[in-house]
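Asker: Protein chains in written order, with the UniProt record's numbering: chain Y, 1 to 991; chain B, 1 to 991.
Simulated from the structure, these hints should not be mistaken for laboratory data. Fair warning: there could be bad hints in the mix.
You can't tell identical chains apart in this list, so a pair holds if it fits in one copy or across any two.
The calculated lysine-lysine pairs, modelled on DSS-like cross-linking and capped at a C-alpha distance of 25 Å, are [unchecked claim]: (1) Lys-447 x Lys-648; (2) Lys-610 x Lys-244; (3) Lys-244 x Lys-305; (4) Lys-559 x Lys-528; (5) Lys-242 x Lys-648.
2 protein chains.
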Amino acid sequence: GVHLLSPAAERLRHILGEDDSTPTPTLFTEMDTLQHEGGELEWKESARWVKFEEKVEEGGERWSKPHVSTLTLHSLFELRTCLQTGSILLDLEGYSLPQIVDDIVDRQIADGLIPPDLKEKISFVLLRKHRHQTKKPIHRSLADIGKSSNAASMCGSFTDPAQSRSMNDISDTPSTDQLKNKFMKKIPRDAEASNVLIGEVDFLEKPFVSFVRLAQATTLGGLTEVPVPTRFLFILLGPHGKTKSYNEIGRAIATLMVDDLFSDVAYKARDRDDLIAGVDEFLDEVIVLPPGEWDPKIRIEPPKKVPSAEMRKSVLNLNELGQMNGSAGGAAGGEDEELPAPHEFAGGLWLDIKRKIPWYCSDIYDGFHIQSISAVLFIYLGCITNAITFGGLLGDATDNYQGVMESFLGTALAGTVFCVFGGQPLIILSSTGPILIFEKLLYEFSKSNDIDYMELRLWIGLHSCLQCFLLVVSDASYIIKYMTRFTEEGFSSLISFIFISDAIKKMVAWKYYPINRGFKPDYITAYKCECIAPDQGESSDRSKETGKQSYLDWSQLSKKECVKYGGALVGNSCKYVPDLALMSFILFFGTYSMTVSLKKFKFSRYFPTKLRKLISDFSIFMSIMSFVGLDMLMGLDTPKLIVPTEFKPTRSDRGWLVMPFGKNPWWWYLASSVPALLVTILIFMDQQISAVIVNRKENKLKKGCGYHLDLFWVGVLMAVCSFMGLPWYVAATVISIAHIDSLKMESESSAPGEQPQFLGVREQRLTGILVFVLTGLSVFLAPVLQFIPMPVLYGVFLYMGVASLSGIQFWERIKLYLMPAKHQPDFSFLRHVPLRRVHLFTLVQIVCLAVLWILKSTFLAIIFPVMILGLLVVRKLLDLIFSQHDLAWLDDILPDKDKKKKEDDKTKKKERKAVEPESDEEVREIWTNMKLNSSLPSTHTQTRILFSPKFINDKCIYVAPFKAELQSCKQNNNESKYNLKNNILQEYNKN
Amino acid sequence: GVHLLSPAAERLRHILGEDDSTPTPTLFTEMDTLQHEGGELEWKESARWVKFEEKVEEGGERWSKPHVSTLTLHSLFELRTCLQTGSILLDLEGYSLPQIVDDIVDRQIADGLIPPDLKEKISFVLLRKHRHQTKKPIHRSLADIGKSSNAASMCGSFTDPAQSRSMNDISDTPSTDQLKNKFMKKIPRDAEASNVLIGEVDFLEKPFVSFVRLAQATTLGGLTEVPVPTRFLFILLGPHGKTKSYNEIGRAIATLMVDDLFSDVAYKARDRDDLIAGVDEFLDEVIVLPPGEWDPKIRIEPPKKVPSAEMRKSVLNLNELGQMNGSAGGAAGGEDEELPAPHEFAGGLWLDIKRKIPWYCSDIYDGFHIQSISAVLFIYLGCITNAITFGGLLGDATDNYQGVMESFLGTALAGTVFCVFGGQPLIILSSTGPILIFEKLLYEFSKSNDIDYMELRLWIGLHSCLQCFLLVVSDASYIIKYMTRFTEEGFSSLISFIFISDAIKKMVAWKYYPINRGFKPDYITAYKCECIAPDQGESSDRSKETGKQSYLDWSQLSKKECVKYGGALVGNSCKYVPDLALMSFILFFGTYSMTVSLKKFKFSRYFPTKLRKLISDFSIFMSIMSFVGLDMLMGLDTPKLIVPTEFKPTRSDRGWLVMPFGKNPWWWYLASSVPALLVTILIFMDQQISAVIVNRKENKLKKGCGYHLDLFWVGVLMAVCSFMGLPWYVAATVISIAHIDSLKMESESSAPGEQPQFLGVREQRLTGILVFVLTGLSVFLAPVLQFIPMPVLYGVFLYMGVASLSGIQFWERIKLYLMPAKHQPDFSFLRHVPLRRVHLFTLVQIVCLAVLWILKSTFLAIIFPVMILGLLVVRKLLDLIFSQHDLAWLDDILPDKDKKKKEDDKTKKKERKAVEPESDEEVREIWTNMKLNSSLPSTHTQTRILFSPKFINDKCIYVAPFKAELQSCKQNNNESKYNLKNNILQEYNKN
């Protein structure tokens, strides 16, 4: 039905609705107050607003931090009176300040507000020069000394304007100070200025108020701190004794002028009443803090987000929109971008390609940014450390059929190909644990059954490749639809924990460098380790081999040589290695903690923002450099990163190509499809879950995903690697997350006080390609890389693991166990789900992970990916224990078509369940953006059910009902607000 | 002159001024809303207020964090209407809820607000049972299932009250749930409740509003969550469809009820108009946030401090007070506590004793607190480490005339005596650097001139003691009057830096445990260290001494033995000690960082507050234990704390008593007065500056100071220690600060959301005494203490040094150099002094410290205390460079009598310069406390110049003019506020 709208709102709706096509410019507001400084009258800047208030600290000669303008109700009422009684000049043709001042004063005289004889005095005051906070105070004071000496008589009060100074003290053109002002950067390009002038004079008996809107924004010389053309002028001159009160009125109008809604009103107002309606609407929306619970002197830091102007405007248009709901509501976001029938042949792959092609150029040039350098260095070091670690382990497992060299080559090859052609180039391919275990079992099987390992492996690879293709053309990747936060976070936490535990295990080098715990410095004379020649009898067979044993000076042999020639190491220091264990620990832990500290440094107060950001971006590089330096300084023989320096297979009896036929019986070519199935599942799950994690909505990826394309290339690479006898590669969760983290973008905050927003990730292919090209070239970088101690790299690994845990809701929920309820952060799921349900949910997840962890440590590790499917089953079972409402908050439910339908219905029934926890803000934002970019008239935005596209992938162009508080709030407000108003004010008025 | 007061304010002044002697009880407000739960009507608690709002999170079944109630202006206006149109029952005689409800409804009927036939329905609704958030939801849901089955017909809407349930659903007596509610702890004892009931019903056509004040606060059964008697009831029932609006009105009245000023009004209101005047006054004071700059959904954390009710009330009484300024102003705080003429013989000492005696008993029993245990452990470890370090150094310097044993005994003796009898028992005595240097020079001088060192030292000590007495009786300690923040912070920073650098220097154990940097694990066979018998010729003279040299098995000798018997250590590992250096570093740095982290743990979210506080209090102890444990686990021969185990002088040729005569020529007895003078200055400055630092106002000490008494006992101890041949002792700055830090008290926050306040320090003698008694007993604790590695203790030292820097303004100012202006914290001195002046001031301080640091490193260290006097001179010179205004903000100016006078004048001239930077809040607080505790009528508090006692010492009962913003603000407000109101509201009304 038609609700009551207040006359003010009605009026605003009219003027704001009139002509929505031209957005109004942003307003910069400067407030100047009249000062008697050294006997001269001048206007001194006292505060400014871009969005938030910055005040000139009087003694400190500095700008305060941007803060929310806290006003008094009283000043707003006074301002309202000012606008009612003062003169309002709308669309005044103004080209210079003197002319404008003239017009203003004339109007006042015409309106009978001031006697004509005051004209000269007022004009004189209004044309005094303006001193802005930018000017060096030392300049001023010198200049002032000169001036005040010949104008000493002016001191204290205003006398005769004609005496010594010209009428117009203010320059016509912007001064160099204005032009050089760096603050200009903070003001949007199209901005216009509004100037608020507040002063006390002794010749007035009642306030002189004028509100001016110029027909054209005009640069009025030195009026404004920055060379921004002035559009609005608010002048308040009054008799002495009320400075504080005048200042508050000035702050009130300045705050109003930068208010999105009021500034719109100010631009479009047709008369005085429109302006007053704007003030009234503002008053209706203000937030009130009780005086006993807040100290007005506290400067409130700007919030992270403020309600958008669009949201606020829409309140005015409620009724029209209410009627449109029924018709236009459901269709807006749903059909046009719907998925194609997913069972079309290779439909998914085709869609992926179609989606990625348009971005291809930007995938390259988006990579040119300084941040990319740090990302490349970081990920490169991660990749080669991984290549060396896995290469070493693979070499052990396969008798060097695949060693460090193969690992490097394979990483470089697979990574480069994937980054060039893959669907999601932010994913980093790497060897993973399950594959390693598979290879190990396969090699042992081949050896014990006398089957040629390389040929068998080739066939498994080929089958697996084929199976991947089958999965691609059958659009099997749509399975990720069923992966909710539960599965996703469970998997990534597990991988992170494995990463962390591996890093720590590798670092704990006591095994390799045992410490002599009982060492007493005083008894150093008792510690020795000597190489003793073996008894001739025992080692006679060996001596034949070497031949030279008897001629050896045994005491000169090194430990290895001694062992090699069969000597015995005798002595109590043989099994100990001094210092290395502790040094490794220091390097490991130092790298980790320094990286963490430098990352945090971004949020410290020191140094300019840009430098801090640079330090934070390069934190890993800087930590590595520092601890490499420390290691070189100490000169200890810590284990170093050794990369192969020659381009040849690790094992001399194998070449770079594996022949598919000839070594094994023919039926193995078919039978290998069975183990291949295991590999396929392994690869599929690992790849797709990692991709889901990379694509998760928190990362705000804009270029879409390519699950099918990814899998296609992983399949191709399987075959290629198998032919070349290189390891198999699949998406590495932790390194991919690290990749994304190192490419995150934040908005440069524009208005002072506005918080930088996370904008998304620098999505491009360049960093990935560079990383893998560098990996390939590492063979030539060996002389440089050999200075990097392994413990430092393990420290980097630890950092990666820990960092990938941050921001995971599961991890936040684990922490809740240790917090008393009253100290828990204000997570939205805690507002809506009872704590014990949250704890239960977390507990289930923990148990799942514990089980997986234990299984992983047994031979079952090979079916690890299958166990991930188990997670999906557990999650399904949770539907029995938890209500859908709870799950909606704890676990993002990704609704399929049916659910979507149901939700629509539900929403219509006004059962307002939130389907997307924590994303309310986001949805609103996306929605706003959508609206801004769309050509729909603004009325369309008020559909009762709001649809927002979600950029996870195809599955994710789904809709989420907008939480409807807004609606009910609006209704209630508008209904009751104006019924009561008359009564209230009449009474309040009596006082 | 008489200013305009609004009618509302006039009214309030009248009712609040009437009877100020009985303070009104604190109000606890609970808001319950009517719910249709499972077909039953019930009142469900939705929010509560002690001071801040706590909301029931609907889905979460939990309390939100306490937050500032953000209201809408609209809801406040609606509330005002409600109070105007509803029925107001003041001083209703009520003994049970049914009776009260009866009275309320009858009144409504009598007033013609509702038709009589609604009586039963309304009573029925109002008597439904109340469900509070404390109840376990699982209980409820079971109970509900049972109930809702036989009341299914009630579902959805209200039908007939008589059908199945009794009229009165609510119990008469508090339930066990209520009585067991732990929340009771958070509510002050004398609190009364106000209940806000908000509901929608379908039988009303316009709102039913009732505000009730009971004549006596009465416990109304299960109405309130806690068994607190109810005094106020606010009932709002209305037709359907405006839930949101009703809730907002409920929140508004609830917020008003906990407002200090309005609750006073509510208690004292004589009629409806008084209440409305209260609302109006509240409206005049509210703080308004612009809608475009703040999101109303953000819950605002309670501020650290809110304006006190007294301050707010005083605004109403301005005029009366304004007139009183002239007469009562100056005298209030000044004369009665004034110093006695300081030149009276030993007047200061006498005053000190008079001041300390009354506290003596509390000095003992205030020590019984768990915090004392951690303080004792912490300071004890600091003391014995210090005793051992200085003992060792003194032993080296004096050929063991004073060694570790003397150091322990002296520390124990001097410390105990001082803590038992001293003026400021929080001060910890210790050996200090300058004394060490003096002893060293003195011993060298004696040795080269063949003078008996101990006797000479005794005489110097006696002279010095005498000189101290002279300083005491001449009240020389008043010199500390001239120590400003500049000197104080300069000195303590310097001492802290020395402490830190000493700790690091001592830890860097490379010297003692060199690391073999080129060590290659593989060549371990090449590393040995052998003891080679000396050539017979070379060592023939020595061999005579030992006699047994030729029979030795040289290869079996330890390093020390080898050197002792003249053997040569040959081998490339002789000069290296593996692992110890790195292990020491890990212990040192680990102890330090763990202490820092655990200290910070107090501010984390984990674990209950009490546990966190315990962990924070015992952080040092826990860190020490952890790293002692680690050290034991590693079993390395790190240097341990070795305390003497036998009670005898270090040097066997000296006894425990030094004879004054006989060894040196008689004239030395007189001449020693010259070096004694140096010692005296040294002791005087060291002692008094440390005492100033301990007594500084930030520590909020309440038991006063005793500079003269302190010096007296230091003098006595000089003599005693000299007689016994023990080292001399003086106040140790850093350890004393650590002592104070470990005894800091914070208020347990009472109302949820209120910040704990720093209350002061646990001033007592017990911890000090225990520390020194334990030090004395350390001889017996040796078996335990020997497990503590020295690097761990150096870590503690590092922590002490760093911790004593925190909170020093000088240090904060140094940090400003590295911060861009916009990131700098909002220090009040930055608001008032230009940044470059601040930087200049800091630079001067840095240069002074650098010079002192350099001098300290030369032989000039002995005149170190004299150089502190140099700081005073530099500070005086600063008066030439800096304006008094700047210095007032940067450097606490402690005005002497003249200055005080001047300032009074100044303030009268309304030149409102703040003399005490940063302490505005504090002054205000002290002032409020003073007033609350005093018997003065409240009107006295509004003196134009406010005096606040300052507890530094005698000098410090000085006055600081209150920053006068308040005054000017009030005037302006009152003047202009009500002139404009009529105009404004009339217009606003038109809409």
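Asker: Now tell me, hint by hint, if it's right for this structure.
Answerer: Here's how the hints hold up against the structure:
1. Lys-447 x Lys-648: So Lys-447 and Lys-648 pass the 25 Å test inside one copy only (24 Å; across, 78 Å).
2. Lys-610 x Lys-244: neither (39 Å within a copy, 46 Å between copies)
3. Lys-244 x Lys-305: Classified as between; 24 Å across copies, 31 Å inside a copy.
4. Lys-559 x Lys-528: both (12 Å within a copy, 14 Å between copies)
5. Lys-242 x Lys-648: Neither: 88 Å inside a chain and 80 Å across chains, both beyond 25 Å.
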